[in-house]
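Participant: The two chains are supplied separately, each in an independent frame; assemble them into the complex guided by the hints.
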Amino acid sequence: MITNGSALLRSIVMIAIAIVACAIIFQLSGYSAVDAMSGFVQGAITGPGSLMSTLRWSLPLMLVGVGTVLCFRSGYFNVGAQGQLYMGAIAAAALIPVLPGPAPVRMAVGVLAAIAAGMLWSLIAAWLKTSTGADELLTTLMLNFIGALVLQYVTNGPLRDLSGSGQVAAAPPLPLDVRITGSSGVGPVNVTLVILVLIGCWFLVNRTTFGLSATIVGRNPQVAARQGVNPRSIVWSTFALSGGLAGLAGALEVLGPTGRLIQGFSPDVGFTGVLVALVGGLTVLGATFAALFFGALAAAIGYLPIVTDLPRSALEVLQGLVALLITVQLRARWKKRAAKAKPDPAPAVSKPGVSEPAARTEDPT
Amino acid sequence: MWQFLETSLQDATPIALAALAGTFAARCGIFHLGLEGLMCVGAFTSVAVTIGTGNVLTGLTFAAIVCAMLSVLFWAITVKLKADPIIAGLALTTLGLGASTFAQETIFSTRGTITAPEGLWQPFAGTGFPMPTLSIIVIVTPLIILASWIVLRRSQFGFSISAIGEFPYAARSAGINIDRTRLTALVIGGVLCALAGAQLALGGLTSFSSDMTAGRGFIAFSAVVLGGSHPLGAAAASLFFGAANTLGIQAQLAKWPVPLELVLMLPYILTIVAVALTGVLLRKGAVAQSAFGELRS
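Order-wise, the sequence lines are chains P and R.
Under the UniProt record's numbering, the residue at position 355 of the first sequence is numbered 355, and the numbers go up by one with no gaps.
Under the UniProt record's numbering, the residue at position 119 of the second sequence is numbered 119, and the numbers go up by one with no gaps.
Since the hints were derived computationally from the structure, they do not count as laboratory data.
Nothing here was measured: the structure is a model prediction, and the numbers come from that model.
Just to be clear, a hint being listed does not mean it is correct.
Derived list of chain P stretches under chain R, where covered just means 3 residues or more per stretch with a C-beta under 8 Å from a C-beta of chain R [what the hints assert, rightly or not]:
| hint | region |
| --- | --- |
| 1 | 50–62 |
| 2 | 135–149 |
| 3 | 269–280 |
Heads up, the beta-carbon is just placed ideally off N, CA and C, and yes, glycines get one too.
With the rest of the complex left out, here is chain R (with noise of 0.2 Å):
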């Protein structure tokens, strides 16, 4: 039971930090395809520097860096070069991916599994605490949940975010500036995929192998929609989504009569009905050409 526990919010926590991160852009009305690329930079980066420095800390340092950069560029990218933000978030995973990849290839000369010296500290560890392997980011995370929730629903700055994200037009009234605004939600995610990658890599493997992410940041994005873009919706779905994860693993092991894959689909299953049901509580029946990618100013 504890052991359950244990690896349901290891699974739960990147996807819960990438959420957070799909949380800060789409209530700024930006719909973030980009966090699956991000958070594999996020780890490839953690994973490198600490083999390079031999300590996780500067590794987790440089992964916020370059994630942080990252988020600059699909910034200028959808909101300054007015870019399809979809297709640019799809991109941006694609460079991700594939960038991380090549990075790894060419400093480390193998597409296999680099292991990092150290993994991320494990404060219970010894302790006799049930769950010993919880990293201190799996333990910090409910608290950068509460703060996005504070930060996005009872301070200025949120609802600076969420006037952009539901009326633009009105918030550049009230002297809001946008480009801004948004620059600093972008990177703020970016620091939190860089986060979820780290907890990824450095959580309980200490290592990295290309396309370690495996669609955990469209994961994320599902609990996004799912959970409504409001932050603890996200971290809800993201710990369903997470334990759904470990309850299939174990499914597979005691050989229950139920696939693998159907437990996987679920988290997109539920997103699709997720929109459906939207669909017909915002506009019943109309064939509306959809405003989910267009980036309004």
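Next comes chain P alone, as it looks inside the complex (with noise of 0.2 Å):
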């Protein structure tokens, strides 16, 4: 656990120094750095509803997070969750109201569909990387974007609201009786289904074959190879697993708290799951933590136009400032394992579990 809980405290102190950094420009551009923390704290954890709200926005960071965190630990770099998630709101918005049959069947097929048109959406960049070696980042970042325009159409086409006189493209809303959770975007179904899978990820993680199969093919393929595991099936199941959790994030988005497909909508989801991933030390409990700080910031931006006059954008510089900050200790954490690996290989392979993301090596072949 020590590797773990060194990683835990540098992420503590790369978002540390994002904060002080933030707090220094928000001082010098004018602002009251004060005002600021008190109010991200306020919009975070003590104002009304603000519990509600951070765990609203934590949600979905979850299920991307660690959908994540399952891929890069097998050191395969699927940034697509953001496509991944509009494909499975589009497949849940598009197929709910042509769906006959009582409310709770229409929703449950709503939702599996979401987690298949996700999983699809991933697989096709697994296809591409199994069967032409092409790169797993280009290749999910670019349906990242041929998603968000598919959204697009979709919604100015195909099932946009006529009625509506709204500037943003959107579908009509979808019935009260199938949506999971109201406005708020917090109710006992959304919030069982997302522990559930966070069980169900830390136990695959941690307990199974699978899991460590991934986790080694990850750290180093020659070991893996050797030890008859298949890295095409690996790709195939962890892009297909967080494809369908980057789906079922979708899902949830419209049958919760939008309530409608929107153009555009959760603009930030991926990147910032890909932040959780890499803030929670590539492991499901971290990213869990990590989700939860990310989902807090989210809520305080909503709330703070109501202590100070901050802009909304404020966010994003905090954000990017983490994202700048949050891979250069991973990095020199890969660098010194590197350098550990070759003269003693015993203490650094024995904590498979635990484990830090390899270095993207070459493959040797």
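Facilitator: The structure is reproduced here in structure tokens:
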């Protein structure tokens, strides 16, 4: 657990540096840093309804972040959660209005369709990876942009709500009886679902052969190959899982707080999910806490206008700084690992369950 | 016809300049996903300083300086502190987009549009040339492309950059200072992104609105990949994307049955195809772990 603890410490240090840097920037820009910080605390924790709001923003980040953890642990840099989330949301929003049957069944089918759609979108990258060796980072990034454009097309064309006069293109609101949560975004069903997913993923990573094989593939593909692990099956399964989770997050969004498909909704969840995974040290537990932190930030930024005139874009500045700093420590650790692994491999490989990600090494073939 | 060419060139120029910046970075082994952020900062700074001083040239200079400084920051984080260049690049984009909106809201108290008193010099205006609104940056860009080609393919410095990208160990053995060469390449890229942003904001509209780059930095990145990290290839891909974009808008205006989104997707789809084809050519079927994001030294 030592590596895990120090990873957590380093994450906290990097976030602290980013927050201090932001406080200085806010102060120099003529805002009161103290007001901003107390506003953040109120908006995230102590204010009325703040904890609910924090949870509302944390839940999708947990799903996306944990999915990212699964992929990153096995060394595959799937950053396509945004597109997968959009595909899930589109599938749920397109299918539910045309389905027959009672509301709970339509709801369940919609959620399953969303998971399947997220999976399929993610598996495009997995297929390209296994059949051509195409770099998954580039393909998933490009699939994000394509997914956003598909959403734009769908909300402007086939699913457009023609009755509304809104400026932003959106589909008609979904009927209330198929919604999982109301506009608060927190309800017994979705919270239970996310908790089950988190427990399942923790179990998968830490207590199953699959989790161990995936981790070994990520840390040392040659060792994994000698152990008879097929990297192709790891690619397919981790991409399917993370895509499915992102699709689920998309369904919970349109069947919950937003209640309809809106062009370009939740634009940052995918990238913040990557941050969540990295800040959480690529562990399920760490990612859960990191999701709570970023969820708190998102909740706070919605509350800030009440207490201070700090603009919303302040959150982007803070997130950008955290993102800029967060891999500094990871790379340093990878480097240290690489140096350490050469002379004596014994202590370095003793704890697969709490490992760090492998450096992105080229395939020896 | 002339108007189509004019609009295409105006669309393609910011993409081409940013793609050249990406090419400089890609050739020394850094896949630069911060182009979008740098471009947005360049666009904002050029407009803001032009409003403040009333002088476009001062605006351009400041944009170049700010983007160069951000590039130094990016260099320090990725090269010196060994951060993952992909994550740091995306972070630079988030930071650049956020910071330019933040600065706009702080200085001008608006999230809408800020308008500069004057735009870039349009040398052909009033001369009877069929494309009168081309700005000086659009006209100079072919020269910049040529200069980049000469620097990257025909100069000692360019060969140092390529050596670092292809085989850093050999480059170091040959006495090349890897870190300093990467710094130079990234700073050149920063200045090019500032020009790209300035053209976007001051070339036609003479105004800035938040997130006005609208993914052009990522299209530029696609152009780098599609152009095989070659300056002329990247420029050709940018011109193609610019023309496709103009055609897409024309098609929408003419009510062709082609959704605009399909045209807008083209750069991304082509990039995926290019990456897959490269993968097939290089190593058929191997499930290699990617080395794209790894900064070798």
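Participant: Now look at each hint and say whether the structure bears it out.
Facilitator: Hint check results:
no., hint, result
1, 50–62, "violated (count 0)"
2, 135–149, "holds (count 11)"
3, 269–280, "holds (count 3)"
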